[in-house]
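Fit the two chains together into the complex; they arrive one by one in their own frames, and the hints show the way.
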Amino acid sequence: MTLLSVQDLHVTFGTADGAVRAVQGVSFDVEPGETVAIVGESGSGKSVTANSLLRLNFGADVRIDGRILLEGRDILAMDETQIRSVRGREVAMIFQDPLTALNPFYTVGHQIAEAFAIHHPGTPKRELRKIALESLNKVGIPEPSKRIDQYPHEFSGGMRQRIVIAIALVNSPKLLIADEPTTALDVTVQAQILELIAQMQAEHGSAVILITHDLGVVAEITERVMVMYAGRVVESASVADTFLTPTHPYTRGLLKSVKSLDAGRHERLESIPGIPPSLINLPSGCPFHPRCAYAESLGGRCETETPALHLVGSSRSACHLPDERLLGLLGGGV
Amino acid sequence: MSETFILEARALRKYFPTGASKMLQRPTDLVRAVDDVSFGLRRGSTLAIVGESGCGKTTLGRLLARLIEPTAGSVVLDGVDLTAASARELLELRRDIQLVFQDPYACLNPRHSIGQSIGTPIRIQKTLDKAAEKARVRELMELVGLNPEHYNRFPHEFSGGQRQRAGIARALALQPKVIIADEPVSALDVSIQSQILNLMEDLQTSLGLSYVFVAHDLSVVRHIADEVAVMYLGKIVEIGDPESVYRRTAHPYTKALLSAVPVADPRRAAGRQRIVLTGDVPSPVNPPSGCRFRTRCPKAAERCAAEEPVLSARSGDQPSGHRVACHFPE
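So the sequence lines, in the order shown, correspond to chains A and B.
Note that this note's numbering has the first sequence beginning at 1, numbered continuously upward.
Note that this note's numbering has the second sequence beginning at 1001, numbered continuously upward.
Just so you know, these hints were derived from the structure itself, not from any lab.
It is possible that part of the hints are untrue.
[To be verified] So, partial list: chain B residues that the calculated Cβ filter (under 8 angstroms) puts toward chain A:
1. ALA1087
2. LEU1090
3. PHE1101
4. ILE1224
5. LEU1257
6. LEU1258
Virtual Cβ for every residue (Gly too), placed ideally from N, Cα, C.
Pulled out of the complex, with its shape left as it was, chain B reads as follows (with noise of 0.2 angstroms):
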């Protein structure tokens, strides 16, 4: 298993207490923000998580660093078991496994040059001393395409798309093996995203990089994903092959997501048919019993709410991995 995966997700559980009684000194209630996922990151290749706010991707992807601890399960980097190493051990496996984040504003410290944003992991790691780190950096700069005389420059002296470079090239500076990236486009123009797409599969190709690429957006993620889950309440509800899930899609919440991506073609926007879900995402504190989805979905029937459907390979298809959690798959 983990000769082809280089980063697994077994069983995630992340419970938010909220709702805290002050006399019992104990949480009244859960939010079930991450319940029971597990998936496989191939060596080289790129996972998509996709869904709408509130499905818990963000928390996934924050998991998957042990950026916060998990309530259940573990998290497999490289054969070793991240969610089971000590504060020093944790420390060493960081260089192996980096975040990039959605809001460029807000990921650099605005006190610091650019330069110095980009080393911090090579200072807070020690691996290089400081001339070499200052190389290491230009070097970084370089790669990701920012001009490397611009060391000393502030953030605010560069743009939103500048400032998703420098980003990158800082979650790069210890050569890691894994990039999470939490919508990491999202915030840009759109003729920047299309030039921080490119750069990253650029990176992907010449340095071996694995990704996890959280995103809202479906037509951002069929650029890049080898692999596309899709969220709903906390849950994997489609997985597999993206060409699979695009064109066969199975999940009637997959279906709703893709019919409500606004297409740039008039021709086909006046043709096509959209599934228009009514309602909003049920509270995660309590989601509906059975299929979480069952509240808003069009095919809903009474199996829906006794019994919760379990992630399985979509019938005649077990070969292209593609899995679906659907009582009624299409």
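Chain A with its partners taken away, still in its complex shape (with noise of 0.2 angstroms):
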């Protein structure tokens, strides 16, 4: 069974400038202990899609559309209750910024021993003592006995990211959400937190979805890609498809502007030339037309038709461009 059915996701906010589109029909499946990368740029939706799965879009003037289905639940017709019982237990998250995600008045050991027994009340003190040393020493915090009564402010930011994927990890969740799990931390660090993340799946065999704007990431560690882009998935594929044949154009863009550690000296850098536009005043059609280097060749299509994705080769693409054109020109990878 399909573990998380997105259908025609829709959020929109309102602000006093008018309305911010921030997600416009995104749809995907991810099966269970699959990993799903979401890529994007700041901007892109790929963080107010992953807030979505869990309702965590808050304030006023939030609507949101569509159909989120976990093993067959509608999580958006779900009562506070219900959507409670799925936050960390079925569904768990990793936050960026591992600071802001830890209460700075409570031990570590408290905040994993909450996390457990608020889906298990009634569990004895000692038992929850137990599973909280037990998560630290799985995501390798070393001497957990002493470091389970220490605050979030004696530990490093990668040692204080362990400690959130070991709150997040403390029910087994079917499906863990990692939202730039590694952006706020230093590369040596990085490596550690993404075999971690890996090594902890393997063990609870959780699908994961990681939400990130760095293409190494997700080279490293996922299976399927969706690129996102003002607030549309662009293109979606295997991870190998994504990176050796990208079909958009934005894809294509995007794995140029990657930096490479086997670049020549005052190699010239590829850009997307332009900015990525407000989501207020979003460019009609595909949103991606006005920094597009094929928008002319296609006579005005691509500002009054919105492409739809459908299937390219072995990927799916949101592009006017023929599918020959999108596989033979644009393909050869980076």
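Okay, structure coming up:
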């Protein structure tokens, strides 16, 4: 059974300047145990999509439409009690900044135990402590019996993120959503955390949705990639197809912007011209057309008609260019 | 020496007092943020300073422009000792050395128009009158790819990349010789990073600028550096031509740093061997004895605890200037 099925998700925020259409018609499935990456730049709607999965989009003027089915149950139709039993137990989340994700006034042991106790009321205190200790040990915190009684500020950034992961996994969730889990960390620590997530996933069998802007991180640990731009999915493919035969002009531009350790000295970087559009004032038609090198060759169609995701080779791509051009001209990797 | 070097750091040190004791009226501990760092920046070239958070790279950048006073050592800008200059002399010298900061949101005053912000150095230094300042700012905006008609707009009306362009324009306002750029692209989106790096390269060529580029990202540095210095806990552990440092890496820390960079290619990501360092960077208040990297180093031996390695030429490598501070270089 499909673990998670998102169908035609729309998220709109009302602001004083007008409606911000953050997510427009996003659909995807996640199978049990699978790792899916959602990639995009700031404002692409990737975090809003992730937050919607647990209904964490706060604010008075939020409108969420579509269906989010977790093993067939619609998250958007759940009442507050039902959604609470999902949060942290069936679906858990890791956030970008481990310091703001932890409460500075409680020991880390308390916070891990709390996450367990909420879903397992009546667990004896001694049992809870044992569980917290085990969790700390599993995520590689040295001297857990001493560290369990310490506060978040006594830990380094990498250690804090390990604790956040321990909290997320204490209930063995079916789905783990990681929103930029390594962005705030140094590269050597990032490598440790990515390894830990992969290892924990293998152990618990959880599916993982990884939200990131870093294509390097994607290539390291995911199986499937969705590329988002201005609130829409523009390409969805296996990790190999995404990197080796990208079809959408935006994906290709993004890959070309990635800096390489093998670059020559002063080698010119390719970049996508212009800037991402404002979500209040979206371009008509394909949201990428003002920055796209191919838009003109299609004689105005990109300005009037929004392309739908469709199968191109083994990828799905939202571009008006004919299939053979998407595959032929744009293929060939980075 | 100073013929080839536009900027030199000579045995620079910066110790920050910490844990001050009220009774003794003196600090009980010192954070050795920068500890005996020397290098030379060649005219018209880019030196990249790379390291993780807490390695002292930002403090070093601030020392170079004398935004903070060094504990010891000196900075020589085009033959003149910046660290010995009086306040009045320093004002004049600063025309030649300007900074670009990491956070394009924080470095512009939200209440000043973008044109006002870019013109600030000109007003402080009184190099031009009002009309000439305005003309110069428009010229600068054009130079960095901003529309001069947006002179009166405010920072919040610009995107991150555009704000960083404004930050660069401001740094260029006084026609400096050297620009210290502290993580100028790390707050920007990937596609915008490339635009800014290309802009900086173009400006270097057309204006003959020299850059000190502080970064934590080795792949960004690969594209722009003529020389790269890797820092760990306040010290340079490896320095040299990037070609040599990246391909014939001598220091185990540099090796680990390079292997930790995620590669945007699933074929290579699967195949390569990764050195994952254990633990965190130790506290710079009590750095390990001997080699500071030894507590995380896979090659550490007894000698590493007893004796601090000196930055010296990589064996058989004198001409390229590739130097490393390790008892057991690769």
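Hints versus structure:
1. Using the Cβ-Cβ criterion of 8 angstroms, the hint placing ALA1087 (chain B) at the interface with chain A is not satisfied: the shortest such distance is roughly 37 angstroms.
2. Interface hint status for LEU1090 (chain B): violated, as the beta-carbon distance to the closest one in chain A is roughly 33 angstroms, over 8 angstroms.
3. Proximity of PHE1101 (chain B) to chain A is violated relative to the hint, the smallest CB-CB distance being about 19 angstroms (cut-off 8 angstroms).
4. Given the 8 angstroms rule on beta carbons, the hint for ILE1224 (chain B) holds: about 7 angstroms separates it from the nearest Cβ of chain A.
5. Taken as an interface hint, LEU1257 (chain B) checks out: its beta carbon lies about 6 angstroms from the nearest beta carbon of chain A, inside 8 angstroms.
6. For LEU1258 (chain B), the interface hint holds, since its Cβ comes within 8 angstroms of a Cβ in chain A; the closest pair sits about 7 angstroms apart.
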